[in-house]
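A.B. asks: Each chain, letter by letter, is given below.
2 protein chains.
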Amino acid sequence: MPPESSESSFSAESYFETQLPPPSLQEDISEVRDFVRKQKDVGRKVVLVTSGGTTVPLELNVVRFLDNFSAGTRGATSAEYFLKAGYAVIFMHRQFSLQPFSRHYSHSTNPFLDFLEIDPPIHQRLSAEMLISSPPHITVTPSERVDLLRVLGTYKSVQKSGTMHTMTFVTVNDYLWLLRAVSQELSVLGRNAMYYLAAAVSDFFLPRQKMSEHKIQSGKGSLHIEMDQVPKILKPMVDEWTREGYIVSFKLETDPELIIPKACTALERYGHQVVIGNDLNHRKYEVVFVSRRSAFTKRPDDDDSGFQIHWLRINPSSASSNTRAVKEIEEDIVGELTDRHKIWIEAASVRL
Amino acid sequence: MPPESSESSFSAESYFETQLPPPSLQEDISEVRDFVRKQKDVGRKVVLVTSGGTTVPLELNVVRFLDNFSAGTRGATSAEYFLKAGYAVIFMHRQFSLQPFSRHYSHSTNPFLDFLEIDPPIHQRLSAEMLISSPPHITVTPSERVDLLRVLGTYKSVQKSGTMHTMTFVTVNDYLWLLRAVSQELSVLGRNAMYYLAAAVSDFFLPRQKMSEHKIQSGKGSLHIEMDQVPKILKPMVDEWTREGYIVSFKLETDPELIIPKACTALERYGHQVVIGNDLNHRKYEVVFVSRRSAFTKRPDDDDSGFQIHWLRINPSSASSNTRAVKEIEEDIVGELTDRHKIWIEAASVRL
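Protein chains in written order, with numbering that gives the first Met the number 0: chain A, 0 to 351; chain B, 0 to 351.
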């Protein structure tokens, strides 16, 4: 492996100079601008939630790509709790990853067609004549009705209040361009903006200059891929794009020993507010908040290293994904963050 | 690139000797066996439809993987038309790819929560008291009712008749083990079994012996991946697993010049019945059937090379994906195949 200083690493600046923006970028920006202005006018806090994995296309006409594991559960679930806490949410997610509200009815685990009924019951293809002359009613299975009403009522209320704005990305390139643009738009809110970066972003990418135009042909032995490092985007985000924003990043590891050291390194390197660390296999019931220690957030469980380590755990059995979860850890994650964000906002006015 | 005969290519035999089966394989096989027996008892033809892309994990504790582009539209749509044509369907699909019937209500393009209404209308979070004392009704938006009734009626009738069996895979390894097992089970049907291999299967994989245990760490320069070729599975399928099955494979290319030559090569190499070729950008309204010429399928458009080339096209505007499609090319693909399959079955009895 080449050393860290190899030629293959891009700075954020050189990245945006050499890679192309997604075609809909200008349109996306103008929609975000309108949304942010409306929230600013009513003094509402706004959180950007990023969610789902990014792809790295290997071909210009894309057939194959490298992907990161993520169904988008963390982001979609957290977005609901942020809305409940009174935040406006920009939900920026990978196309086809889970979304707030509809996440409760995944086509695989809880398909909605299974709890709709035809009344009177008809177990056959419906003729055109029947459909026109006396169409039967569609009803919801009684056992599902209360849960669906709860989800649907909240969904309709969020739609009516206009407090959620959804954006989609597919590739890591889409993601980087959108993140920069949205951060710059959100920076007008100063400390009232939070960034909850739960998307699983690739560390590597293939510069368009190195992609093959067509599908890579097999039948020629093994496949070799050599990728470049994605620029460390948190650095310009903190230093330039949104200096006052409250920025929360995530570290997902499979080796639990690495979580805290890597979180500390990230905080030192980028200077943002919180890293939420999680282990791939325990992420539904255990996370750790790592932050730099400071006078106004000091807690009894601080260690000596200048970092504050704060574990959040819920009962694993209540977070089971087989049945409907009784308790979701995202409720506590969002609760902890909204408390810290409040302190962060108040700290600014104290200093004035 | 190493030559085709490089050490990195696995035979199907050596593949199954060195790679591990998915944990649920035995259970999956026994369910398929029951399903096939039921269809055999009533003399129903069965088609295996494979659908969606496969992943190639780069790590044993999977965070990153290589993926193939496929939402699973072709497979999910075709499965509906096979059911309509009286076939029983084994729908073997990538987890979270589109499925028959629910595909009409993608969370992204036609989310079902958008056409459910609360009656009387309530645009607020519903209190627990309201939900228990006098829960409101849930109704379907009038403009969506007829379409939903049509889909729902067919879905219920398929469920009642037990003519669809669903299986899921994620990795290319899952796919290969399942395909072998299902082919062997289906072979008891002789010529009454069809194989419609629409899944986008990776040509490359990383043998478990070469995977890293934990998440590959970044911060060490560029990423190098070297993969081995997936064994050509059609060969043992035709020669050993299901000698009488009617096997249809797909070729997706981005360079249209390559489609027919590559289809012919595949037919010569593997000896199966049909290759359906399609161009990534025209696949919703144009496909080409390539097959070997034979006495009982000869057509006016045969060429001199011993291959029959048969184009299927529909009006591109009627296959638009923005609005609900008026006409789906899968209807014609399935129509053509069920005709050919019938001839294939009859040809066997003529020879007796």
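Hints may be right or wrong, so weigh each one.
[As the list claims (entries may be wrong)] Straight-line distance between alpha carbons at most 30 Å, and here's what the computed DSS-like set of lysine-lysine pairs gives:
1. B:K159 with A:K209
2. A:K37 with A:K159
3. B:K209 with A:K209
4. B:K39 with B:K159
5. A:K209 with A:K250
6. A:K209 with B:K231
Since the hints were derived computationally from the structure, they do not count as laboratory data.
None of the values given here were measured: they were computed from a predicted structure.
A.B. asks: Hints first: check each against the structure and report whether it holds.
C.D. replies: So, going through the hints one by one against the coordinates:
{"no.": "1", "hint": "B:K159 with A:K209", "in the structure": "53 Å, violated"}
{"no.": "2", "hint": "A:K37 with A:K159", "in the structure": "14 Å, holds"}
{"no.": "3", "hint": "B:K209 with A:K209", "in the structure": "26 Å, holds"}
{"no.": "4", "hint": "B:K39 with B:K159", "in the structure": "18 Å, holds"}
{"no.": "5", "hint": "A:K209 with A:K250", "in the structure": "29 Å, holds"}
{"no.": "6", "hint": "A:K209 with B:K231", "in the structure": "29 Å, holds"}
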